[in-house]
Amino acid sequence: MNNRLMLLFTGALVAGAAFVLVLFGNPGNMGFCIACFLRDAAGSLGLHSSANVQYMRPEILGLILGSFVISLASGEFRPRTGSSPVLRFLIGAGVSIGALVFLGCPLRMVLRLAAGDFNALFGLLGFVIGIAAGCLVLNLGFSLGPARQTGRIEGSGISILTIILFIILIAAPGLLRFSTEGPGSMRAPLFLSLAMGLAVGAMAQKSRMCFAGGFRDLFLLRDSTLITGLVSLFVISLVINLVSGNFKPGFEGQSVAHTQWLWNMLGMVVVGFGSILLGGCPLRQLILAGEGNSDSAVTVLGLAAGGAMAHNFNLASSTSGTTAGGRAATVLILLFFALVSALVIVSRRRSE
Amino acid sequence: MDTYTDKVVLTFHSHYDAVRQRRMLKESGIESVLVPVPRSLSSSCGTSLLMDAASYPAARLIDSLEGAYAFKEGKWSGLPIR
Numbered sequence: 001m002n003n004r005l006m007l008l009f010t011g012a013l014v015a016g017a018a019f020v021l022v023l024f025g026n027p028g029n030m031g032f033c034i035a036c037f038l039r040d041a042a043g044s045l046g047l048h049s050s051a052n053v054q055y056m057r058p059e060i061l062g063l064i065l066g067s068f069v070i071s072l073a074s075g076e077f078r079p080r081t082g083s084s085p086v087l088r089f090l091i092g093a094g095v096s097i098g099a100l101v102f103l104g105c106p107l108r109m110v111l112r113l114a115a116g117d118f119n120a121l122f123g124l125l126g127f128v129i130g131i132a133a134g135c136l137v138l139n140l141g142f143s144l145g146p147a148r149q150t151g152r153i154e155g156s157g158i159s160i161l162t163i164i165l166f167i168i169l170i171a172a173p174g175l176l177r178f179s180t181e182g183p184g185s186m187r188a189p190l191f192l193s194l195a196m197g198l199a200v201g202a203m204a205q206k207s208r209m210c211f212a213g214g215f216r217d218l219f220l221l222r223d224s225t226l227i228t229g230l231v232s233l234f235v236i237s238l239v240i241n242l243v244s245g246n247f248k249p250g251f252e253g254q255s256v257a258h259t260q261w262l263w264n265m266l267g268m269v270v271v272g273f274g275s276i277l278l279g280g281c282p283l284r285q286l287i288l289a290g291e292g293n294s295d296s297a298v299t300v301l302g303l304a305a306g307g308a309m310a311h312n313f314n315l316a317s318s319t320s321g322t323t324a325g326g327r328a329a330t331v332l333i334l335l336f337f338a339l340v341s342a343l344v345i346v347s348r349r350r351s352e
Numbered sequence: 001m002d003t004y005t006d007k008v009v010l011t012f013h014s015h016y017d018a019v020r021q022r023r024m025l026k027e028s029g030i031e032s033v034l035v036p037v038p039r040s041l042s043s044s045c046g047t048s049l050l051m052d053a054a055s056y057p058a059a060r061l062i063d064s065l066e067g068a069y070a071f072k073e074g075k076w077s078g079l080p081i082r
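Protein sequences appear in the order of chains A and B.
For the first sequence, the residue numbers in the working numbering are 1 to 352.
For the second sequence, the residue numbers in the working numbering are 1 to 82.
Just chain A, with the same shape it has in the complex (with noise of 0.2 Å):
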């Protein structure tokens, strides 16, 4: 099938399993929000004790594990490692706070934009500017190096952990916790969870669905292919949102959201040029990490490990509005990535 044909039915697809899921019970305009999951997800492994954020969201596993079937599938999954981990996790982290102040990862923020949540436009700028920042720091000469070849176990670590982390949801849930209000007590059935997740992250191996690299594409080789998956998500939504009268346009009272612009803005240049560092949104990651990437698997872990530092340290955002630390730590994530690549950059003129 032609690609962007592809990347259309898969932006469809996102937008249906979204709005399907909010049917079903996940919070409104979430659907499948990345960056707010995998914190759930670190929630119900009590690695923070936000009582109200914390699920095993099936979703996750679905679509680290749909890419990990598909790519077996049809032969590429290829297992890969060695291109900066402890960077990539740090960098991980560091985007997954961003999307916490923001209050969601690019996915998340089409689908607030299709809403006619307003403050999400806010982080499409910042998610713009931030791109624009990493395609920036790319022709300056930045990157984290090359992946070398790994076994097939390696490869299979994450996906085999979230085997077994599906295993002990379904046989033994009080190893994990559940949130009884908030957030993480909205949820879907969990095998349409897992379902929703498995189809979308088979379609988006297949057509390499990335949100940052969209505008990257766009920005650094003047093609317009991949955006072609983040357009469809937000005019499918759209007219989702507009039939089933689920589009509310303001500022005001939108589902898990806030109405600081300036930190909205910010929080999302944090997630584009993070994104950009890495090669991927975090949604790529997810799918990469499923095809035998290990340095995406371990920028998962790093988004992971972002989502419950961010609660931890009271740097996520609610609906109230942002914290002093999730606006500290927004200005020095953004900091430390502005060394980061300097320093790789220089690092990499000396050695030419």
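A few of these clues could be false.
Distance ranges between label pairs, derived from CB positions [said to hold, decoys possible]:
(1) Pro57/B - Leu5/A: 34 to 44 Å
(2) Ala58/B - Leu242/A: 55 to 65 Å
(3) Ser28/B - Gly325/A: 23 to 33 Å
Chain A side only, calculated, beta carbon under 7 Å to chain B, not exhaustive [claimed, not checked]:
(4) Asn3
(5) Gly141
(6) Leu221
Part of the chain B face toward chain A, derived, beta carbon under 10 Å [as the list claims (entries may be wrong)]:
(7) Asp2
(8) Val19
(9) Pro36
(10) Ser44
(11) Cys45
Source of the hints: derived by calculation from the structure; they are not laboratory data.
This structure is a prediction, so every number in the text was calculated from the model and none was measured.
Ideal Cβ positions, reconstructed from N, Cα and C, are used throughout, including at glycine.
Since the structure of chain A is already known, use the hints to place chain B on it.
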């Protein structure tokens, strides 16, 4: 399908390597264009470089080139990297 006839696709470890390779080719008068890695070639999503197959054998290549591929008889095949 994102396949090309009479073209060679060069793949890299980083976007910057692709930019360097394009510059190097341009210095020897060979035109090339930055494109996303063709989906039919790989599920990875980096930057690749597209050049005329006829220019490939004599082209100067950067040391850190990852791979070179041509689409022949319905499939991608790797080319020797000098």
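Verification of the supplied hints:
no.: 1; hint: Pro57/B - Leu5/A: 34 to 44 Å; in the structure: holds (35 Å)
no.: 2; hint: Ala58/B - Leu242/A: 55 to 65 Å; in the structure: holds (58 Å)
no.: 3; hint: Ser28/B - Gly325/A: 23 to 33 Å; in the structure: violated (55 Å)
no.: 4; hint: Asn3; in the structure: holds (5 Å)
no.: 5; hint: Gly141; in the structure: holds (4 Å)
no.: 6; hint: Leu221; in the structure: holds (5 Å)
no.: 7; hint: Asp2; in the structure: holds (6 Å)
no.: 8; hint: Val19; in the structure: holds (7 Å)
no.: 9; hint: Pro36; in the structure: holds (6 Å)
no.: 10; hint: Ser44; in the structure: holds (8 Å)
no.: 11; hint: Cys45; in the structure: holds (5 Å)
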